[in-house]
Amino acid sequence: MTQGQGKGFGFGLGKMKELADAFKKAQQVQEGAKKLQEELEMMEIQGEAGGGMVKVSLSGNQEPRRVEVAPEALQEGADVLSDLVLAAMKDAYNKSTATMRERMEELTSGLELPGM
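In this note's numbering, the protein residues as written are 1 to 116.
Any given hint could turn out to be false.
Said to hold, decoys possible - Below are the EDC-like pairs computed for lysine to aspartate or glutamate, each with C-alpha atoms no more than 16 angstroms apart in a straight line:
no. : residue 1 : residue 2
1   : K95       : E18
2   : K90       : E44
3   : K55       : E68
Said to hold, decoys possible - Label pairs and their calculated CB-CB ranges:
no. : residue 1 : residue 2 : range
4   : E76       : S109      : 43 to 49 angstroms
5   : L86       : K35       : 31 to 37 angstroms
6   : E105      : A70       : 32 to 38 angstroms
7   : K17       : R66       : 48 to 54 angstroms
8   : R101      : Q30       : 16 to 22 angstroms
9   : G77       : E105      : 41 to 47 angstroms
10  : G32       : G77       : 46 to 52 angstroms
Bear in mind the hints are in silico, worked out from the structure with no lab data behind them.
Note that the structure is predicted; figures quoted are calculated from it, not measured.
Glycine included, C-beta positions come from ideal geometry on N, C-alpha and C.
Let's have the full structure, built from the sequences with the hints guiding it.
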């Protein structure tokens with residue numbers, strides 16, 4: 001027998017257990033990510049501008065849902081209204097991005113993959 005044979009490609013039993021545990025954790029994360037995706041689709045995150053004169057609603061996945069414009073916002077003129085809509089969209093986008101990031105961190109917290 002030559003040196004190095006019978007070692008199973010360098011994986012000892014301890015490494016195999018680590019690898020099996022890592023696969024189990026990865027599967028749990030994948031299942032959690034699917035559930036999170038469904039939750040994000042059901043969420044409604046609202047951004048606003050002009051003291052609430054313009055409100056934009058997005059899903060947690062940043063899918064546009066609704067835009068609400070108060071009658072007094074129309075009196076501000078097209079340029080101001082455009083700026084308010086853009087600001088409300090940015091606000092909703094930033095909130096949804098932060099929500100996604102927080103939820104993904106919760107999902108992957110404590111996940112320790114070997115070699116990472």
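Against the structure, the hints:
no.: 1; hint: K95 / E18; verdict: 37 angstroms, violated
no.: 2; hint: K90 / E44; verdict: 15 angstroms, holds
no.: 3; hint: K55 / E68; verdict: 5 angstroms, holds
no.: 4; hint: E76 / S109: 43 to 49 angstroms; verdict: 45 angstroms, holds
no.: 5; hint: L86 / K35: 31 to 37 angstroms; verdict: 33 angstroms, holds
no.: 6; hint: E105 / A70: 32 to 38 angstroms; verdict: 36 angstroms, holds
no.: 7; hint: K17 / R66: 48 to 54 angstroms; verdict: 51 angstroms, holds
no.: 8; hint: R101 / Q30: 16 to 22 angstroms; verdict: 18 angstroms, holds
no.: 9; hint: G77 / E105: 41 to 47 angstroms; verdict: 42 angstroms, holds
no.: 10; hint: G32 / G77: 46 to 52 angstroms; verdict: 47 angstroms, holds
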